[in-house]
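Undergrad: Take these sequences, add in the hints, and give me the full structure.
Protein chains in written order, with this note's numbering: chain A, 0 to 466; chain B, 540 to 643.
Worth flagging that the hints you see were computed from the coordinates, not collected in a lab. The model shown is predicted, which means the values in this text are computed figures rather than measured ones. There may be inaccurate statements among the hints.
[As the list claims (entries may be wrong)] Okay, the calculated beta carbon distance ranges per label pair:
(1) Thr151(A) with Gly599(B): 45 to 51 Å
(2) Ser296(A) with Lys637(B): 33 to 39 Å
(3) Gly113(A) with Asp542(B): 17 to 23 Å
(4) Phe558(B) with Ala29(A): 24 to 30 Å
(5) Phe558(B) with Ala465(A): 57 to 63 Å
(6) Val543(B) with Pro186(A): 25 to 31 Å
(7) Phe558(B) with Thr114(A): 35 to 41 Å
(8) Ala16(A) with Asp542(B): 40 to 46 Å
(9) His545(B) with Gly113(A): 20 to 26 Å
Every residue, glycine too, gets a C-beta built ideally from N, C-alpha and C.
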Amino acid sequence: MSDIDVAISLANLVAIALFIYGLHELNSPATARRGNRLAMVGMAIALAAILVKSGTIGWWAILVGVAIGAAIGIVAALKVKMTAMPQMVALYNGAGGGAAALISSVEFYVARGGTVQMNDVIAVSLVLSAIIGAVSFAGSIIAFLKLQEVMTGRPVTYPGQQVVNAVIVLGILALGAWFVVTIGALPVWAYLVLMLGALMLGVLFVLPIGGADMPVVISLLNSCTGVAVAITGFEIDSVLLVICGALVGASGTILTVAMSRAMNRPLTNVLFGAFGATGGMETATASGGAQQIRTASADDVALMLAYASKVIFVPGYGMAVAQAQHSVKALADQLEKRGVKVLYAIHPVAGRMPGHMNVLLAESNVPYNQLLDMEDVNPEFATTDVALVIGANDVTNPAARNVPSSPIYGMPILDVDKASNVVVLKRSMRSGFAGIENPLYEMPNCSMLFGDAKASVDELTAAVKAV
Amino acid sequence: MTDVSHLIELLTVLLLAIFVGFEVISKVPTTLHTPLMSATNAIHGIVLAGAIVIVAELFGANLNGPALTILAIAAVTLGAINVFGGFAVTERMLQMFKGKERGR
Chain A
0 MSDIDVAISL
10 ANLVAIALFI
20 YGLHELNSPA
30 TARRGNRLAM
40 VGMAIALAAI
50 LVKSGTIGWW
60 AILVGVAIGA
70 AIGIVAALKV
80 KMTAMPQMVA
90 LYNGAGGGAA
100 ALISSVEFYV
110 ARGGTVQMND
120 VIAVSLVLSA
130 IIGAVSFAGS
140 IIAFLKLQEV
150 MTGRPVTYPG
160 QQVVNAVIVL
170 GILALGAWFV
180 VTIGALPVWA
190 YLVLMLGALM
200 LGVLFVLPIG
210 GADMPVVISL
220 LNSCTGVAVA
230 ITGFEIDSVL
240 LVICGALVGA
250 SGTILTVAMS
260 RAMNRPLTNV
270 LFGAFGATGG
280 METATASGGA
290 QQIRTASADD
300 VALMLAYASK
310 VIFVPGYGMA
320 VAQAQHSVKA
330 LADQLEKRGV
340 KVLYAIHPVA
350 GRMPGHMNVL
360 LAESNVPYNQ
370 LLDMEDVNPE
380 FATTDVALVI
390 GANDVTNPAA
400 RNVPSSPIYG
410 MPILDVDKAS
420 NVVVLKRSMR
430 SGFAGIENPL
440 YEMPNCSMLF
450 GDAKASVDEL
460 TAAVKAV
Chain B
540 MTDVSHLIEL
550 LTVLLLAIFV
560 GFEVISKVPT
570 TLHTPLMSAT
580 NAIHGIVLAG
590 AIVIVAELFG
600 ANLNGPALTI
610 LAIAAVTLGA
620 INVFGGFAVT
630 ERMLQMFKGK
640 ERGR
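TA: Structure follows, in structure tokens:
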């Protein structure tokens with residue numbers, strides 16, 4: 000090992016320490032920002048070291064790539080709306096997966112030229128990172144298109160879907176095995192077919208997954224890219240990539256498991272169940288008549304809120320869609336001025352990615368100690384005067400507790416029905432994403448306030464002011 | 540050192556990193572799950588280092604035909620989007636998380 004190599008290895012060691020410590024600092028909102036900055040420093044050190052190592056070979060290609068990528072990445076990061084964070088993260092994630100797949104593809108071509116020594120370890124890791132990276136890339140793009148509502152957020156299904164997927168998987172496995180057995184000496188056409196298959200698999204894998212299941216999918220894609228990066232580390236013999244990939248893979252896996260647990264559905268059901276594809280139609284015919292509900296006017300609700308001692312806001316994806324987070328904060332301010340205690344109940348799968356609601360409310364300056372997760376907030380409802388549900392549906396559905404035949408039976412929910420009064424802000428009586436009727440709306444302590452979430456909340460704020 | 544023992548070394552590192560990852564990340568509160576995801580996203584942007592290695596390899600081997608060069612530059616670009624965008628967006632989000640309200 001030359002002195003330069005030693006210095007580079009030590010720089011990598013420092014970077015790794017900074018990444019791990021940075022992630023550790025994310026364990027509290029008070030230190031999280033420092034954690035992110037430490038990770039940034041780690042990244043700068045690691046990249047500087049690799050630039051020193053590669054020297055001036057191909058410097059202009061690196062410069063061009065980094066300049067374009069940094070410009071796109073930073074501009075997008077500064078412009079994106081907080082409500083659009085899930086699709087933004089999906090895109091960055093796809094970028095990482097795509098990079099891993101491209102690295103493997105270039106390596107494949109270079110190895111064919113004979114200048115790079117292929118061996119079985121490189122062959123296995125090359126083909127694996129190419130496949131997983133391509134799946135993650137294509138899947139992330141579809142997740143982006145769905146979240147951005149360029150295409151329908153509903154599950155896309157067609158007859159024979161599973162068969163088609165199985166055929167593609169078998170094809171990929173066969174070509175992958177061919178690649179490994181020949182130690183990378185695959186004809187170029189076969190390699191291209193393999194890549195095409197992996198991209199198609201990514202597309203077809205995300206297509207049948209519906210909007211409300213996106214928190215799971217995004218977590219899983221995150222984990223996939225992490226795995227692809229770790230395997231790339233084996234391919235180019237980099238401890239740094241192996242460790243970073245493993246950290247991200249672990250994080251993505253934890254989030255994936257947490258999300259599917261919060262829906263009380265096994266991961267396989269989320270991925271292959273096309274949840275909500277047909278449910279809507281079934282309940283529509285089954286229920287027939289309209290639910291017996293009570294509507295309230297903004298003034299009624301404002302009175303209720305103004306004279307309450309404790310109010311809990313329950314935000315859901317509807318709040319994000321209506322961009323109502325700032326209005327919600329304004330209403331909370333009015334109530335707090337009157338001495339009302341205000342809390343926020345955040346269900347783990349509210350929104351389109353893990354923690355989505357927290358970011359939106361933090362954006363509108365809600366202090367994080369008012370944001371309570373499900374375990375902490377549920378005991379609070381019994382002593383709450385008003386639970387104000389804003390654009391959330393299935394996560395408040397008591398059928399999950401007591402109707403064994405309900406598709407969401409067993410899913411942990413927010414116990415809003417235990418509050419003295421429940422007010423549901425809703426656009427219309429259309430059922431939630433999963434197409435399941437919500438018996439909460441028929442309960443005697445529940446009333447509905449129809450309209451756009453932002454407009455309704457603004458009305459409430461004005462009415463509370465007038466009280 | 541033989542190839543096999545080097546492979547086992549890397550696998551050991553992988554295993555330990557997975558355990559460390561689980562330990563560290565399971566302590567992150569749900570409030571911070573979105574920034575956690577974008578921060579880890581940025582960290583897997585380290586794939587940019589891999590892209591830089593591959594560019595050097597490609598040019599070093601004098602194989603830089605136009606198609607390959609474009610692929611390699613694309614790999615660098617995607618990696619850079621991942622790193623810079625990931626950290627920037629995480630920073631932006633974390634700025635918003637405040638404990639107490641200011642100016643009251």
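Undergrad: Mind listing which of the numbered hints don't hold for this structure, in increasing order?
TA: Structure breaks hint 8 only.
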